[in-house]
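Asker: Listed below are the residues making up each chain.
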Amino acid sequence: MSWELVTGFETHIELSTKTKIFCNCATEFGGEPNTHCCPVCIGLPGALPKLNKNVVIYAIKAGLATNCKIRNISKMDRKNYVYPDLPKAYQISQYDKPLCEDGYITLSSGKKIHIARIHIEEDAGKLVHQRGNTYIDYNRGGVPLIEIVSQPDIRSIEEAVEYIEKLRLIMKYIGVSDVKMQEGSLRCDVNISVRRKGEEKFGTRTEIKNMNSISFIAKAMEYEFNRQVEILESGGTIEQETRRYNSDLNITESMRGKEDADDYRYFREPDLVTISITNEEIENIRKELPELPHEKIRKFIEEYGLPQADAELLVKYKKISEYFEEACKDTRSYKTTANFILGQIFRRLPTDAEKEEANIPVPPQYLSELVALTEAKKITSNMARNTLEKMLDTGKPVGELLSEKDLEGIDEGTLRRICEKAVEMNEAAVNDYLNGKKKAFGAIIGYVMRETKGKADAVLAEKILQELISTK
Amino acid sequence: MVTRDDVLKIAKLAKLSVEDEEIDALTKDMIEIIEFANAINNAVEDAELEDFDDINSVVNAFHEDEVVESFDRELILKNRDGGEDGYFLVKNRLTR
Amino acid sequence: MSRIKYLNHLLATKQISCVELTEKYLKEIEKENKTLNAYVKVTDEAALDTAKKVDEKISKGEPLMPLEGIPMTLKDNISTKDIETTCCSKILEGYVPIYDATVWEILKSQNAVLLGKTNMDEFAMGSSCETSYFGGALNPHDTSHVAGGSSGGVASAVGGNIAVYGLGSDTGGSIRQPASFCGLVGLKPTYGAVSRYGLIAYASSFDQIGPIASSVEDAAIVYDAISLYDEKDATSCGSRYKAYDVLANSIKGMKIGIVKEYFEGIRDDIKASIEEAAKVYEELGAEMVYFNIPELKYALPVYYILACAEASSNLGRYDGIRYGYRTSNYRDINDMICKTRSEGFGREVKRRIMLGTYVLSAGYYDAYYKKAQKLRGAILKAFKNAFRKCDVILAPTVPTTAFELNFTAKDPVETYLTDICTVPVNIAGLPAVSIPCGFDSEGLPIGMQLIGDSFREDKILNAAYQYEQCTADRIYKKLEIGVRL
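Residue numbers (the numbering used here), protein chains in the order written: chain A, 20 to 491; chain B, 463 to 558; chain C, 593 to 1077.
Worth flagging that the hints you see were computed from the coordinates, not collected in a lab.
Hints are supplied without guarantee of correctness; some may be wrong.
Claimed, not checked - Here are the simulated lysine to aspartate or glutamate pairs, EDC-like style, with alpha carbons at most 16 Å apart:
#1 C:Lys682 to C:Asp1003
#2 B:Lys474 to A:Glu373
#3 C:Lys976 to B:Asp534
#4 B:Lys490 to C:Glu874
#5 C:Lys673 to B:Asp516
#6 A:Lys116 to B:Asp534
#7 B:Lys540 to C:Asp1003
#8 B:Lys553 to C:Asp1003
Unchecked claim - Non-contacting residues of chain C with respect to chain B, defined by C-beta distances greater than 10 Å in every case (computed):
#9 Asp636
#10 Pro658
#11 Leu1036
Where a beta carbon is used, it is the ideal one built from N, C-alpha and C, also for glycine.
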């Protein structure tokens, strides 16, 4: 009996606006507790919210980048519940008229994961439990969030991972969030249920809240899938509940002790007014959208002739793709440039985080110069590799590392003479080679490379040497 | 009709603890108040009527995305005697 | 007749210094407040500091702003930086705001002399001032009767001559009813005309701040000063027409609406008083227009459902964590929150929170909240139609005169029913002013209401002023208490 995994995500993304959603306090991450607060975001009696214009614009960008329809008339609602990190005892969010609806993300398989809605809301403060007490910091209170709700279209952990990664990359590219999961600017609630393959009805689902690591999401999903299958196969039923992923034990646990399902008593936020956006304004925002990841990948493959894997790898890190495009600005040497980046430069940035930061000591223009010399055959690929290493070490441009003479290259005549000399000076090796010891060739060509200080075109040198030796 | 159980449920939702002695009086009050509110049941809804939305015509009131200096932490914590290490503190249990 | 202008004149012509004037008021407060219980906090030091500043200006020969140096008061739900603000509730005991309400910022910039914060029904929920944690404010005309609510303290202070004017708040009648009970002028502006930033919220889409004063002129001066657009309040628009300059305009040809529903269930002597007023208007050249607004039948339940729903949400924040009262014995945080609220809130507040929570809760939302919202829209539409037929509507303010003390109704609903004439304009967001129009057999003031279309405070104050000019001796009684100048 085959079981099918059914999953949907509710993803909360912190927007990278300068100010909070309802007041002008800074949204900066970190900072001493309660130093980014004002009467509005700590909910003092009498303080009133006012909506940040950029929050609406960023949310529309997110909606357009995921093929959503944008609502012309929208409003804010109160979601009422009591928790110490929520100073007003209600969260200002959107209930029945979210800004964006009915979008999708396309996976590499061509399958669409549909997005039901994207709405804007405020984040809550942070609770710290210590020494049997609760400490509250409201810096994060009021930071703007978009909540992206997907349909339960996902059928495998691979699809889930791809969905989150694609979503994350899109948000990064359109510049609405730094989507740093470890800092909490992207968090996921995973809704997961199982059913027998072929069954149309959905099974009872559980929710695993507040996941901020893709590998944990994958592990949690795997555990939960197996847990649910086991229960159902032994004749039990799944309880609809909220669970928490325990990374130490690699299990999901019921969040016991939680109050009965909250009745949020949604009603329209009376302190805020209608949001009215014209189609023209939406179009203007659409025009301002940068190239999206999938568009860039297609361009790299179709226009620049890069292999798919290379294109995807370059696009995976926004700053890397920017670096690449800057380096290729005045040339068409896409492949060569890409190879340098994906090879030697990437070796200098071993972790994902380092590739995200892309602190490359060589500005793209310098790489561009190096590539140009390589393409013009003024330097050999060997030399180019060595020079790049030196550039990465010193941060100096090609001009400072290679002299005029170095760049001259070896013309064929000179190379021929050196090869003749090599054959002359390495009689023993030549004889060994002619007697079948293929390895001896290395000594002869090594001589040529030394004499030319590595500038010789190895392929041409080999050809000439073979010619000379064969006449012996 | 509003029952005692309804009252307890609503009180819980509203984060009010009702003493046993109070529940009956409160239930009686609630029954009357809800009865008073029930008068709208008789109102015929005009099917044409849109959902009431705005009481005045103000639309699109936004603040610009420019940082304004936050309040001093001292002021934020002023009503809690400066807080504890910069945080609002709630001891998880307090008995005298 | 305008006390503000009179005092402004005395100050400008140096017939009295601001410090002397302020000291007079403070002395009288000390004497009369013991009886009236109008003030819950007297801010004598701050008042005298401001008075000194004003005197300096006068000595330098600088001209005075309209409200400069005038001793006044604020209802205790208006946030005043560094001055305790409690909404007369135990749960805000000791709460000191760290910012000023916008209306107070405006008046501060005019060097208004704040004598203190005045009494109110707890969180503005009540019609007698008696739900106040500090006990009710008394009616200066007869201290065996209440001053009214919820802005009872302001009305008591102004009526008792221990403040020249005050700012109250009106959600379902809380400025107009106490003004009516105490023989004063009370104006509730159009929703959005006056900033709510800093007003501790009861019902966000109903609340408005407005003046209570002893003449229409004074109410107009204060209204013009405070009805400014405030960028901190998203629902704010400011006024559209200034009122003071048009007060003296002739009202010949003005159409005055008499709406049948407003006169049902009203005491006979009050009805008679309004009918008298209608005759005065006819003599002034106005034209009476008679019609019905049947939608008004549902105004009271619509008001209570929606206002209490918003209130239940607005009052959720009072949990003892960041400010105010916190219970001293609890098992865990949830217990702390519940106990704090139960110990901190009074009975009426709890009832309204319960009602509000109920009408928003799953299973009841559609039948109550949603339906009430639709009816609100219907009432709004009905008023819009009404103002195509007339310029202002004339109506009673309250079905009775001031209640006796300890007005413990048989049931809470009985008190709610007395709001019948005042709540409709809060539902529709319209401006309305209450002015005195006579006295009952016990000598208690009777009030009448002039209701206008959105942002037509100018028209209703114009109509009020014209009536006042012909009847001043009949409708005002200068009481022999407080500051007499």
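Asker: Now, for every hint given, state plainly whether the structure supports it.
Answerer: Hint-by-hint comparison with the structure:
1. Proposed proximity of Lys682 (chain C) and Asp1003 (chain C) is contradicted: the alpha carbons are some 24 Å apart, above 16 Å.
2. A threshold of 16 Å between alpha carbons decides the hint, and for Lys474 (chain B) with Glu373 (chain A) the separation of about 50 Å lies outside it, so the pair is violated.
3. Taking the CA atoms of Lys976 (chain C) and Asp534 (chain B), the gap is near 47 Å; set against the 16 Å cutoff, the hint is violated.
4. Under the criterion of a C-alpha separation no larger than 16 Å, the hint pairing Lys490 (chain B) with Glu874 (chain C) is inconsistent with the structure, at around 49 Å.
5. With a C-alpha separation of about 31 Å, the suggested pair Lys673 (chain C) and Asp516 (chain B) falls outside the 16 Å cut-off, and the hint is violated.
6. With a CA separation close to 37 Å, the supplied pair Lys116 (chain A) and Asp534 (chain B) exceeds the 16 Å bound.
7. For the hint pairing Lys540 (chain B) with Asp1003 (chain C), the CA-to-CA distance comes to about 41 Å; that exceeds 16 Å, so the pair is violated.
8. Distance hint between Lys553 (chain B) and Asp1003 (chain C) is unfulfilled; the C-alpha atoms sit about 40 Å from each other, more than 16 Å.
9. With a cut of 10 Å on Cβ distances, Asp636 (chain C) stays outside the contact zone with chain B, its closest approach being about 23 Å.
10. The Cβ of Pro658 (chain C) lies farther than 10 Å from every Cβ of chain B, with a closest approach of about 27 Å, so its non-interface assignment holds.
11. For Leu1036 (chain C), the non-interface assignment is confirmed: its Cβ lies about 27 Å from the closest Cβ of chain B, beyond the 10 Å cut-off.
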